[in-house]
Amino acid sequence: MTTLADDVELYGCLAEFVTPEELIDAARRTRAAGYEQVEAYSPFPVHGINEALGLRPSWIPRLTLVGGVCGAISALLLEYYCAAIAYPLNVGGRPLNSWPSFFPVLFELTVLGASSFAFFGMLIINGLPRPYHPLFNVPEFKLAQRDRFFLAIEAKDPRFDRVETRAFLEQLPTKAVYDVPE
Amino acid sequence: MMSESQHKEPIGSSLPQASDELPVLIGKHTYGSVTDKICDIVLTRHTPWFWWAGFSTAVMFLGALLATIYHVLTTGIGAWGNNIPVAWAFPIVNFVWWIGIGHAGTFISAFLLLLRQEWRTSINRFAEAMTLFAVTCAGIFPLMHLGRPWLFYWLFPYPNTMTLWPQFRSPLLWDVFAVSTYATVSFLFWYAGLIPDVAAMRDKARNHWARLFFGVLALGWRGSARHWQHHQSAYLLLGGLGTPLVLSVHSIVGLDFAVSLVPGWHSTIFPPYFVAGAIFSGFAMVLTLAIPLRYLYGLEELVTLRHLNNAAKVLLVTGSIVSYGYLMEAFFEYYSGDIFERFLAVERATGPYAWSFWSLIGINMFVPQLFWFSKVRQNVKLLWVLSLVIQVGMWLERFVIVVISLQKDFLPSSWHKYYPTIWDFSMFFGTIGLFFTLFFLFIRLLPMIAISEVRELVHIKQEHVQ
Chain A
1 MTTLADDVEL YGCLAEFVTP EELIDAARRT RAAGYEQVEA YSPFPVHGIN
51 EALGLRPSWI PRLTLVGGVC GAISALLLEY YCAAIAYPLN VGGRPLNSWP
101 SFFPVLFELT VLGASSFAFF GMLIINGLPR PYHPLFNVPE FKLAQRDRFF
151 LAIEAKDPRF DRVETRAFLE QLPTKAVYDV PE
Chain B
1001 MMSESQHKEP IGSSLPQASD ELPVLIGKHT YGSVTDKICD IVLTRHTPWF
1051 WWAGFSTAVM FLGALLATIY HVLTTGIGAW GNNIPVAWAF PIVNFVWWIG
1101 IGHAGTFISA FLLLLRQEWR TSINRFAEAM TLFAVTCAGI FPLMHLGRPW
1151 LFYWLFPYPN TMTLWPQFRS PLLWDVFAVS TYATVSFLFW YAGLIPDVAA
1201 MRDKARNHWA RLFFGVLALG WRGSARHWQH HQSAYLLLGG LGTPLVLSVH
1251 SIVGLDFAVS LVPGWHSTIF PPYFVAGAIF SGFAMVLTLA IPLRYLYGLE
1301 ELVTLRHLNN AAKVLLVTGS IVSYGYLMEA FFEYYSGDIF ERFLAVERAT
1351 GPYAWSFWSL IGINMFVPQL FWFSKVRQNV KLLWVLSLVI QVGMWLERFV
1401 IVVISLQKDF LPSSWHKYYP TIWDFSMFFG TIGLFFTLFF LFIRLLPMIA
1451 ISEVRELVHI KQEHVQ
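Residue numbers (the numbering used here), protein chains in the order written: chain A, 1 to 182; chain B, 1001 to 1466.
Among the clues, some could well be false.
DSBU-like, lysine-lysine: derived pairs with alpha carbons at most 35 angstroms apart [to be verified]:
id	chain 1	residue 1	chain 2	residue 2
1	B	Lys1381	B	Lys1028
2	A	Lys175	A	Lys156
3	B	Lys1313	B	Lys1028
4	B	Lys1375	B	Lys1028
5	B	Lys1381	B	Lys1037
6	B	Lys1417	B	Lys1028
7	A	Lys142	B	Lys1313
8	A	Lys175	B	Lys1461
9	B	Lys1028	A	Lys175
10	B	Lys1037	A	Lys175
11	A	Lys156	A	Lys142
12	B	Lys1028	B	Lys1461
13	B	Lys1037	B	Lys1313
14	A	Lys142	B	Lys1375
15	A	Lys175	A	Lys142
16	B	Lys1461	A	Lys142
17	B	Lys1381	B	Lys1461
18	B	Lys1417	B	Lys1037
From chain A, some residues computed to sit far from chain B (all C-beta separations above 12 angstroms) [unchecked claim]:
id	residue
19	Asp7
20	Asp25
21	Tyr35
22	Ala83
23	Arg94
24	Arg146
Treat the hints as calculated values from the structure; they're not laboratory data. Cβ coordinates follow ideal geometry from the N, Cα and C atoms, glycine included.
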């Protein structure tokens, strides 16, 4: 168990667990104790943790829809502009705005827009890329990418108190509790 | 119909296995042990002899590709055997062959993700890498076939001093958009899946440069619940978008042919039958790669007989669809009553290229039928040989479609046989070199199996035991 000196500013307190079930249980109890700034870390997506932490549904699906609509509209405008305004070409007497032939590119650009919004939206909402984070100061946190589960209560939580919060985490079935320096 | 609760399940979970099914994961594994198993292939100073052997062979072929590109750029595409009427020869045959191979990667990653097939895990990562590298190889051919590849950007719509704009009514332009979208989305999908795994590599690596390399790639991933929530949402959506995309790409490749009036090309069955053929050849490539990899790197516990067995079943299904395509194509040619179409059907079976037609029929119609037998599906060595044979068969299919249809079209005065030159062959084998060079670099530098997804599989397995 790592405790830091009182004059070191804290990012929060980090508790280590061995199983995902313990993590979910700890998240529930932490929330029940009134903590709001709580985050869980796991080496794979844990089923049920979002509910335990009270996370709101992700914005990604809506962003993806916006991306798809943007892609579709830009494809239609582009094709209409090229075929009917900028470079009108009579092909076998067909109308210049021959929209049935525009569908393949319309589809491709819809998928491209939606996928880009999904991917880059995911990065932006997750705050990535972010090379430095206070949690990386805890050597044991490396195990979060391997086989351990962590729960952090952040210092910006109004109920956070470096002694009491630590004591609260220690009474959970945790393997260890670490102070995380800012 | 899926119930509400099933929607919330993590990706990769599914119902308990039936007892007669082969396992997707063998042995007592923990989250840590699967992480070690996959990371240790990369995080070691020791590079195995077979890696060097394979990589150096691939680089030699890559050298042939570069030499060919140099020759073709400096003398012009007359270095190849393409000529009127067979203006689309090896470059287009090879383009379609490579694009098709790529499709299995997206199919495994995206479509099987939506179907919650747990046997997708542990083969999806390298299948996706295979897609990316196959698309890279495919792209070289039309690019070089332009003749002046440095003007490739003329294909895209942009305001220019020539006041020219691309023709959106042409399938060749659809192809530009389809292939470039496909390459982009495949890359995003692959990288999205890779982020948590390179974070695992970053936190496991001890070497400073390795930490820096994986640290930059991981973008600061911490595996928080919020990270995972958005990541899983985006990943599933990319899967949902990738599935119709993969169907559209090869349909459009099929339309490149079908929209023309050339006998043997002008057929409505082309788009679906091209898609089935693509997945057929791609799964063959997955087996070609997976079988030696699992043996050489000792990954038999992660890439099990179940994976090989199921891939062989996919070969059976897609091979049968392709066979149906051949039969329907022949029927349409007869039923159209068009003399040129009928002539082409006879020409294919009895003309100077009949050897390629009958080899293709022999391979693509009969070899997949062997996969009705579990003894064949689970005989690893035989499966590997058959996977190579299928790729030859699918290459021949594209050869038959492109070359036989073009060499004798409407006017006998313009008939001309096609003879490839040495540069056609060196270009083709050169791209195989490029593919394997990239693939060997990938297995040496990045985790070839999706670590976080295998951990999830371990978790599901533990829950079942409890």
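Status of the hints after comparison with the structure:
no.: 1; hint: B:Lys1381 - B:Lys1028; verdict: holds (27 angstroms)
no.: 2; hint: A:Lys175 - A:Lys156; verdict: holds (24 angstroms)
no.: 3; hint: B:Lys1313 - B:Lys1028; verdict: holds (27 angstroms)
no.: 4; hint: B:Lys1375 - B:Lys1028; verdict: holds (27 angstroms)
no.: 5; hint: B:Lys1381 - B:Lys1037; verdict: holds (24 angstroms)
no.: 6; hint: B:Lys1417 - B:Lys1028; verdict: violated (61 angstroms)
no.: 7; hint: A:Lys142 - B:Lys1313; verdict: violated (41 angstroms)
no.: 8; hint: A:Lys175 - B:Lys1461; verdict: holds (24 angstroms)
no.: 9; hint: B:Lys1028 - A:Lys175; verdict: holds (23 angstroms)
no.: 10; hint: B:Lys1037 - A:Lys175; verdict: holds (25 angstroms)
no.: 11; hint: A:Lys156 - A:Lys142; verdict: holds (23 angstroms)
no.: 12; hint: B:Lys1028 - B:Lys1461; verdict: holds (10 angstroms)
no.: 13; hint: B:Lys1037 - B:Lys1313; verdict: holds (28 angstroms)
no.: 14; hint: A:Lys142 - B:Lys1375; verdict: violated (45 angstroms)
no.: 15; hint: A:Lys175 - A:Lys142; verdict: holds (15 angstroms)
no.: 16; hint: B:Lys1461 - A:Lys142; verdict: holds (24 angstroms)
no.: 17; hint: B:Lys1381 - B:Lys1461; verdict: holds (29 angstroms)
no.: 18; hint: B:Lys1417 - B:Lys1037; verdict: violated (54 angstroms)
no.: 19; hint: Asp7; verdict: holds (26 angstroms)
no.: 20; hint: Asp25; verdict: holds (14 angstroms)
no.: 21; hint: Tyr35; verdict: holds (14 angstroms)
no.: 22; hint: Ala83; verdict: violated (5 angstroms)
no.: 23; hint: Arg94; verdict: violated (8 angstroms)
no.: 24; hint: Arg146; verdict: violated (5 angstroms)
Figure legend: structure checked against the earlier numbered hints; hints not met, in rising order: 6, 7, 14, 18, 22, 23 and 24.
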